[in-house]
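Peer 1: Taken in order, the sequence shown gives residues 328 to 590; the numbers are from the numbering used here.
Some clues are possibly wrong.
Derived DSSO-like pairs (lysine-lysine); straight-line CA-CA distance at most 30 Å [claimed, not checked]:
id: 1; residue 1: 471; residue 2: 582
id: 2; residue 1: 514; residue 2: 471
id: 3; residue 1: 471; residue 2: 497
id: 4; residue 1: 497; residue 2: 514
It is worth saying that the hints were derived from the structure and are not from the lab.
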Amino acid sequence: MSERVVVAMSGGVDSSVAAALLVEQGFDVIGVTLRLVGDSSRCCSLDDAEDARRVAERLGIRFYVGRLQRRLPARGDGAVRRRLSRGPHADSLRRLQSALQVPPSAGALARTRRRGGGDGHYARIERDPASGALALLRGSDPRKDQSYFLFDLRPEQLAQIRFPVGALAKHEVRERARALGLATADKPESQELCFVPDGNTAAAVERLRPVARRARAKSSTKRAASSGRHAGIHRFTVGQRRGLAIALGERVYVKAIDATHNA
Numbered sequence: 328m329s330e331r332v333v334v335a336m337s338g339g340v341d342s343s344v345a346a347a348l349l350v351e352q353g354f355d356v357i358g359v360t361l362r363l364v365g366d367s368s369r370c371c372s373l374d375d376a377e378d379a380r381r382v383a384e385r386l387g388i389r390f391y392v393g394r395l396q397r398r399l400p401a402r403g404d405g406a407v408r409r410r411l412s413r414g415p416h417a418d419s420l421r422r423l424q425s426a427l428q429v430p431p432s433a434g435a436l437a438r439t440r441r442r443g444g445g446d447g448h449y450a451r452i453e454r455d456p457a458s459g460a461l462a463l464l465r466g467s468d469p470r471k472d473q474s475y476f477l478f479d480l481r482p483e484q485l486a487q488i489r490f491p492v493g494a495l496a497k498h499e500v501r502e503r504a505r506a507l508g509l510a511t512a513d514k515p516e517s518q519e520l521c522f523v524p525d526g527n528t529a530a531a532v533e534r535l536r537p538v539a540r541r542a543r544a545k546s547s548t549k550r551a552a553s554s555g556r557h558a559g560i561h562r563f564t565v566g567q568r569r570g571l572a573i574a575l576g577e578r579v580y581v582k583a584i585d586a587t588h589n590a
């Protein structure tokens, strides 16, 4: 009997090709789409589920849709508010997803199931030949790498999940999809946070942490103690260049966030 793998299918090209590659490798593949309902979510929609179903039909695999009700709590839980007060962080998103009652996409299946799973994330898993330990590596395409958001997957979880497209570049994924006649081959990319229906992440944070709306503070550079004002640290992340609302005649980046002083 072939090893069974459950593939998280978003209705996009990456997870479609991930499912196709696993079929080619001889796995017993089952496609699953988690559809969010409520608050007009911009992804995981009925159309996305239908695209995933069409791909599953083309591949000849079983396919299921799970409906998830999305409810935004009035304030969110204390852990979310405390984490957000210290600035953006991957763990903030995990806790935000929890507060919004939305399971994370990448490892959601890996965290909850015992059998193998796969999805279309651009990351790789390798086993050290000497120690036998599993390691999570960046995807081969540096422009699409998503390993940074999977950093907390434990070794036993890595052993249960596969990232079939992690060794491919985006254009190669689309080429494979076209060659296989998949309906999602030329579907535009969607990189929004599916639990933020209007795409306004700052507003979502402010609904969970109303005090953020009143946060007006100074920003500084090496040149000056104050170089401008901003609307709250929840709107920035380390490494950010665009949207800083200051003009110094050269490119500047967010080097650090001081949550204590909202700077």
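Peer 1: The structure should be examined with respect to each hint, and the outcome stated for every one.
Peer 2: Verification of the hints:
no.	hint	verdict
1	471 <-> 582	23 Å, holds
2	514 <-> 471	16 Å, holds
3	471 <-> 497	7 Å, holds
4	497 <-> 514	12 Å, holds
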